[in-house]
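> Sequence:
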Amino acid sequence: MNDSRAWLFKWSLAIRRLWLCSKWNIWCYISQIHGDAHSATTLILGIYDGDLRYYTRDLVATDLYDKRFRLNIIHDVDMGMVTVFIDGVQKFQVKDKGPGNLYFKCGVYAAPPNVHPSHMPENHGR
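Residues -21 to -1, 1 to 105 (mature numbering (1 follows the signal peptide of the UniProt record, and there is no 0)) make up the sequence shown, in order.
Hints are supplied without guarantee of correctness; some may be wrong.
As the list claims (entries may be wrong) - Derived pair list, reagent style DMTMM-like, types lysine to aspartate or glutamate, alpha-carbon separation capped at 20 Å: (1) Lys76 - Asp55; (2) Lys(-12) - Asp30; (3) Lys70 - Asp55; (4) Lys76 - Asp45; (5) Lys76 - Asp37; (6) Lys74 - Asp45; (7) Lys84 - Asp42; (8) Lys74 - Asp57; (9) Lys76 - Asp42; (10) Lys76 - Asp57; (11) Lys76 - Asp28; (12) Lys76 - Asp30; (13) Lys74 - Asp55; (14) Lys46 - Asp57; (15) Lys(-12) - Asp75; (16) Lys46 - Asp75; (17) Lys70 - Asp37; (18) Lys74 - Asp28; (19) Lys74 - Asp37.
Said to hold, decoys possible - Pair ranges (Cβ atoms, derived): (20) Asp28 - Arg(-17): 29 to 39 Å; (21) Thr41 - Ser(-10): 31 to 41 Å; (22) Gly77 - Leu(-14): 19 to 29 Å; (23) Ala(-8) - His17: 14 to 24 Å; (24) Lys84 - Asp30: 15 to 25 Å; (25) Tyr34 - Gln69: 36 to 46 Å.
Just so you know, these hints were derived from the structure itself, not from any lab.
Since we're looking at a predicted model, the values are computed, not measured.
Don't be surprised by glycine CBs; every beta carbon is placed ideally from N, CA and C.
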């Protein structure tokens, strides 16, 4: 964190296409910013059938299966903005949900129970 209270999160991911995708809508969460003024999270990003979404609604990026990509998130606490970049290109920006006890969670989690661990994505973060 610096004087402006802006946090930068960055990591590299590779999401494999699963054979299960033809039968079920496969998803996994890859990052969250926990804490806000009124609910549990200010941000959730998930992969849904190869597309990156903000919660389950807003489309952030498409066709991310079977390729390595860099995901960067800047949370400017003072400005109340969260900005998402894929491979250095800004893809999404949203107002945060107000002050709270904020902390960041990344990795692959909350995947459906029918997915074998060997099919889960690789991830490397800083």
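> Decide, hint by hint, whether the structure agrees.
Quick rundown of the hints versus the structure:
1. A threshold of 20 Å between alpha carbons decides the hint, and for Lys76 with Asp55 the separation of about 12 Å falls inside it, so the pair holds.
2. Pair hint Lys(-12) plus Asp30 holds up; C-alpha atoms about 19 Å apart against a cutoff of 20 Å.
3. A distance of roughly 16 Å separates the Cα atoms of Lys70 and Asp55; the hinted pair therefore holds under the 20 Å criterion.
4. For the hint pairing Lys76 with Asp45, the CA-to-CA distance comes to about 33 Å; that exceeds 20 Å, so the pair is violated.
5. Under the criterion of a C-alpha separation no larger than 20 Å, the hint pairing Lys76 with Asp37 is consistent with the structure, at around 16 Å.
6. Between Lys74 and Asp45, the direct Cα distance comes to roughly 30 Å. Violation of the 20 Å bound is thereby established for this hinted pair.
7. Annotation: proposed proximity of Lys84 to Asp42 is violated, straight-line Cα distance about 23 Å (limit 20 Å).
8. A distance of roughly 11 Å separates the Cα atoms of Lys74 and Asp57; the hinted pair therefore holds under the 20 Å criterion.
9. Using a Cα cut-off of 20 Å, the hinted pair Lys76 and Asp42 is violated, with the two alpha carbons roughly 28 Å apart.
10. For the proposed pair Lys76 and Asp57, the alpha carbon gap of about 12 Å is at most 20 Å, so the pair holds.
11. Restraint check for Lys76 and Asp28: not satisfied, since their Cα atoms lie roughly 27 Å apart, outside the 20 Å limit.
12. Restraint check for Lys76 and Asp30: not satisfied, since their Cα atoms lie roughly 24 Å apart, outside the 20 Å limit.
13. Among the hinted pairs, Lys74 with Asp55 is consistent with the structure: their alpha-carbon atoms are about 10 Å apart, no more than 20 Å.
14. Under the criterion of a C-alpha separation no larger than 20 Å, the hint pairing Lys46 with Asp57 is inconsistent with the structure, at around 34 Å.
15. The hinted pair formed by Lys(-12) and Asp75 meets the criterion: a straight-line CA distance of about 18 Å does not exceed 20 Å.
16. Straight-line distance between C-alpha atoms of Lys46 and Asp75 comes to about 29 Å, which puts the hinted pair past the 20 Å bound.
17. Taking the CA atoms of Lys70 and Asp37, the gap is near 11 Å; set against the 20 Å cutoff, the hint holds.
18. With a CA separation close to 26 Å, the supplied pair Lys74 and Asp28 exceeds the 20 Å bound.
19. Simply put, Lys74 and Asp37 have alpha-carbon atoms about 13 Å apart, close enough for the 20 Å limit, and the pair holds.
20. Checked against the given bound of 29 to 39 Å, the beta carbons of Asp28 and Arg(-17), roughly 35 Å apart, stay inside it.
21. Range check, Thr41 to Ser(-10): Cβ separation about 19 Å, and the 31 to 41 Å hint is violated.
22. Between Gly77 and Leu(-14) the Cβ separation comes to about 21 Å, which falls inside the hinted range of 19 to 29 Å.
23. Distance hint check: the CB atoms of Ala(-8) and His17 are about 35 Å apart, inconsistent with the given range 14 to 24 Å.
24. Look at Lys84 against Asp30: about 21 Å separates their beta carbons, and that is inside 15 to 25 Å.
25. The supplied range of 36 to 46 Å is broken by Tyr34 and Gln69, whose beta-carbon atoms lie about 19 Å from each other.
Hints 4, 6, 7, 9, 11, 12, 14, 16, 18, 21, 23 and 25, counting from the list given before, are not met by this structure.
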